[in-house]
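Q: Residue numbers (our numbering), protein chains in the order written: chain G, 1 to 364; chain E, 1 to 364.
One or more of the hints may lead you astray.
[What the hints assert, rightly or not] Below, a list of computed lysine-lysine pairs in the DSS-like style, where the Cα atoms sit at most 27 Å apart:
(1) G:113 - E:158
(2) E:352 - G:118
(3) G:113 - E:113
(4) E:348 - E:359
(5) E:115 - E:92
(6) G:16 - G:145
(7) G:107 - E:16
(8) G:168 - G:358
(9) G:113 - G:8
(10) E:158 - E:145
(11) E:107 - G:16
(12) E:107 - G:107
(13) E:16 - E:168
(14) G:145 - E:168
(15) G:62 - E:168
(16) G:348 - G:358
(17) E:168 - E:145
(18) G:107 - E:356
(19) G:168 - E:145
(20) G:265 - G:356
(21) E:359 - G:107
(22) E:62 - G:168
(23) E:107 - G:92
(24) G:107 - E:348
(25) E:265 - E:168
(26) G:168 - E:168
[Claimed, not checked] Far from chain G, some chain E residues (derived; all Cβ distances over 12 Å):
(27) 88
(28) 121
(29) 125
(30) 171
(31) 186
(32) 203
[What the hints assert, rightly or not] Here are some chain G residues pointing at chain E (derived, C-beta under 8 Å):
(33) 37
(34) 80
(35) 82
(36) 97
(37) 99
(38) 100
(39) 103
(40) 105
Since the hints were derived computationally from the structure, they do not count as laboratory data.
Ideal placement from N, C-alpha and C gives every residue a C-beta, glycine not left out.
There are 2 protein chains.
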Amino acid sequence: MAINRLQKLRPIISQKDLDALLVSQLENYRYLSGFAGSTGWLIISNSHTILATDSRYTEQAKQEAQGFEVIQIRGELDNWLPGLASDLQWHKLGFEANHLSFAAHHKLSETIKAKQLKLELIPLVNLVERLRSIKEPAELELIIKAVELTDAAFEQVKATIRPGVTEKEVAWEIESFLRQNGSEGVAFDLIVASGPNSALPHAQPTERILHHGEAVLIDMGARIGGYCSDFSRTLCLGKELEAASSQLAAIYSAVLEAQLTAIDKIESGMTAAQADQLARRVIEQAGYGDAFGHGLGHGVGIAIHELPTLSPTSADLLTDSMVFTVEPGVYIAGLGGVRIEDVVTLEKGRAKVLTKSKKDSFQL
Amino acid sequence: MAINRLQKLRPIISQKDLDALLVSQLENYRYLSGFAGSTGWLIISNSHTILATDSRYTEQAKQEAQGFEVIQIRGELDNWLPGLASDLQWHKLGFEANHLSFAAHHKLSETIKAKQLKLELIPLVNLVERLRSIKEPAELELIIKAVELTDAAFEQVKATIRPGVTEKEVAWEIESFLRQNGSEGVAFDLIVASGPNSALPHAQPTERILHHGEAVLIDMGARIGGYCSDFSRTLCLGKELEAASSQLAAIYSAVLEAQLTAIDKIESGMTAAQADQLARRVIEQAGYGDAFGHGLGHGVGIAIHELPTLSPTSADLLTDSMVFTVEPGVYIAGLGGVRIEDVVTLEKGRAKVLTKSKKDSFQL
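Chain G with its partners taken away, still in its complex shape (with noise of 0.2 Å):
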């Protein structure tokens, strides 16, 4: 698998004419390696596919990284590459801009100049991003298996989700359900935000008390095989909506029908952008544009975010065989929010969702 990916990396390594490419973000260096060790650089070049990591990883990553040469390092960046590169005789190398700090390109630069080497650092964004954003379908088969647990969580805790619980509990209940049916812990922090406290995209559970009439938003995500899903819904407990929740069932309709809306029209070959848009319309036209303050949804896999973006400003292209999440929200403080949120992929052109859970009632 990894050496499929690498083959597909270093047609774009000569391309840009460098004689090695460094990567340095966790989920891209596993990605190309199968390494999952919280420390480690990758050094490929068309001759040599090399993981550095300490000794705290050696071992692991011997296991892990197969037809990876694991060399072991000591220290940061500077203290080993300079030499590695003189030896193998590089003088152009790429680096991972978004991931390396200002102060370790500046520490490697000043160390490269005192050893008069001729090697030049070639800042690139989002080379293995782009490669990681279109999905095998051995990855898309552990995406639909989180998702399925995630849609799982969902109807256990509609069973027993009630007023007089606190956020925390519900949380718990939720975590320990994806824990104890296969997750590999959450994929990112659960919110179980109720009342007031959906009015904050990212709530943390507190001690509140759930209540008849207000919304109860809940955003999970599970993780398998190192794969992840995304997963959010809003619910009502209680037939009787207060009067407070009047507004809250229109705003309701008005991020379902933005949701339905970009599911049905989002087509491969669009910008993440016009994706984006085509929810937003739709909010704007009921009157809460300005309270979508987020973008419309983001690429899921190894992780929880990733590319492509979809945002009003995104210029990521939609294609097949992308795994992204569609979630609309909308948030008024001081009485609360909605957002519903699906994991889709584009296969023949449109979105199919992944999620099965329903969606149509606000009311449990």
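Guided by the hints, dock chain E onto chain G, whose structure is given.
A: Here is chain E on its own, set in the frame of chain G:
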């Protein structure tokens, strides 16, 4: 609380001759402002205390960051920071060089040039991190609570751990206990590593079944009120050691002696490298120097790894009110590993051990 911390920071900003400091690192801005969202920037001058975040977090920021002016931003740093600096007539802006990517810095510099602003970006390292390394009494109290919780979790696991269960089952039991007893998530991915897996210092729990006479290395952390604990013990299940374990028993003795020696002799005023050397010498004399591949420990606070860094090359100065781990380890590929880790604080010049769990015996 945040006000005190700003009062410590502002003289440093003046001393560096800066108009303002940009704080981009999550734990750093949380420490200074109380804001715990995942995206934000502080901009601190003598007369301004600004928290910039996007619409997902503005409500939360207003609730959490008392005394800060919350501004809502869109897009990346280069989209809003140059305008702000220009409005406030700043000419020298410090930034966290370890926590700003090469790409973000580059885009910001290009925008400043294009707008012909007189704004110089000054790279700085560890300014806030050094403040964070000296704990206030209230911070120490929270760390002690987190340490007490890991002690309690270990008591629980000792009562139920036995040959026949898997690493994953033990890990889930520990995590459930921590979470159900007040831990906010876990401070890091738990390690339960048995037999040869314990030779991987950062192993992930697997389906491997625990056996008699093998090492089982447990490493866990809790989080209370935002503050972490970190805890490791290595056990051997069953009273009759297999032949393979006599070497492990010898390693256990060496690691324990190294840990006790370091705790006994660490003093305020030492460098962190000198502290590391106290333990390393004992392990070297026992013949396992090459198998102790990591540093002696690390600071613990809002982050699970923070200053001081106890390693053979660290120049960090140990001072009173620091809190850090003392965790020597020896790892033999194929056989197994031993690590013993306590959290200590420096008080009146000496190390006071916060962790209470026994460590005198390898056998459970």
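Q: Please work out if residue 107 of chain G and residue 16 of chain E have their alpha carbons no farther apart than 27 Å.
A: With a Cα-Cα distance of about 21 Å, the restraint between residue 107 of chain G and residue 16 of chain E holds, given a limit of 27 Å.
Q: Compare the distance between the alpha carbons of residue 107 of chain G and residue 348 of chain E with 27 Å, and conclude whether the hinted pair is satisfied.
A: violated, 37 Å
Q: Taking 8 Å as the limit, does the beta-carbon of residue 103 of chain G come near enough to a beta-carbon in chain E?
A: For residue 103 of chain G, the interface hint holds, since the closest Cβ of chain E sits about 4 Å away, which is under 8 Å.
Q: Under the criterion that the straight-line Cα-Cα distance not exceed 27 Å, is the pair residue 265 of chain E, residue 168 of chain E satisfied?
A: Answer violated: residue 265 of chain E to residue 168 of chain E is near 37 Å, above 27 Å.
Q: Say whether it holds or is violated: residue 121 of chain E keeps its Cβ farther than 12 Å from all Cβ of chain G.
A: At about 9 Å from chain G, residue 121 of chain E fails to clear the 12 Å cut-off, so the statement is violated.
Q: Residue 168 of chain E and residue 145 of chain E: Cα distance at most 27 Å?
A: It holds: about 26 Å lies between the C-alpha atoms, which stays within 27 Å.
Q: Does the closest beta carbon of chain E sit nearer than 8 Å to the beta carbon of residue 80 of chain G?
A: violated, 14 Å
Q: Residue 168 of chain G and residue 168 of chain E: Cα distance at most 27 Å?
A: holds, 24 Å
Q: Take the C-alpha atoms of residue 107 of chain E and residue 107 of chain G, compute the straight-line distance between them, and say whether it is at most 27 Å.
A: holds, 19 Å
Q: Hinted pair, alpha-carbon criterion (27 Å max): residue 16 of chain G, residue 145 of chain G. Please report holds or violated.
A: Not satisfied, since the Cα-Cα distance of roughly 37 Å exceeds 27 Å.
Q: Keeping to a limit of 27 Å between CA atoms, is the pair of residue 168 of chain G and residue 145 of chain E held or broken?
A: holds, 20 Å
Q: With a cut-off of 8 Å on the beta carbons, see whether residue 37 of chain G makes it to chain E.
A: holds, 6 Å
Of the numbered hints given earlier, the model fails hints 1, 2, 6, 9, 13, 18, 21, 24, 25, 28, 29, 30, 31, 32, 34, 35; all others are met.
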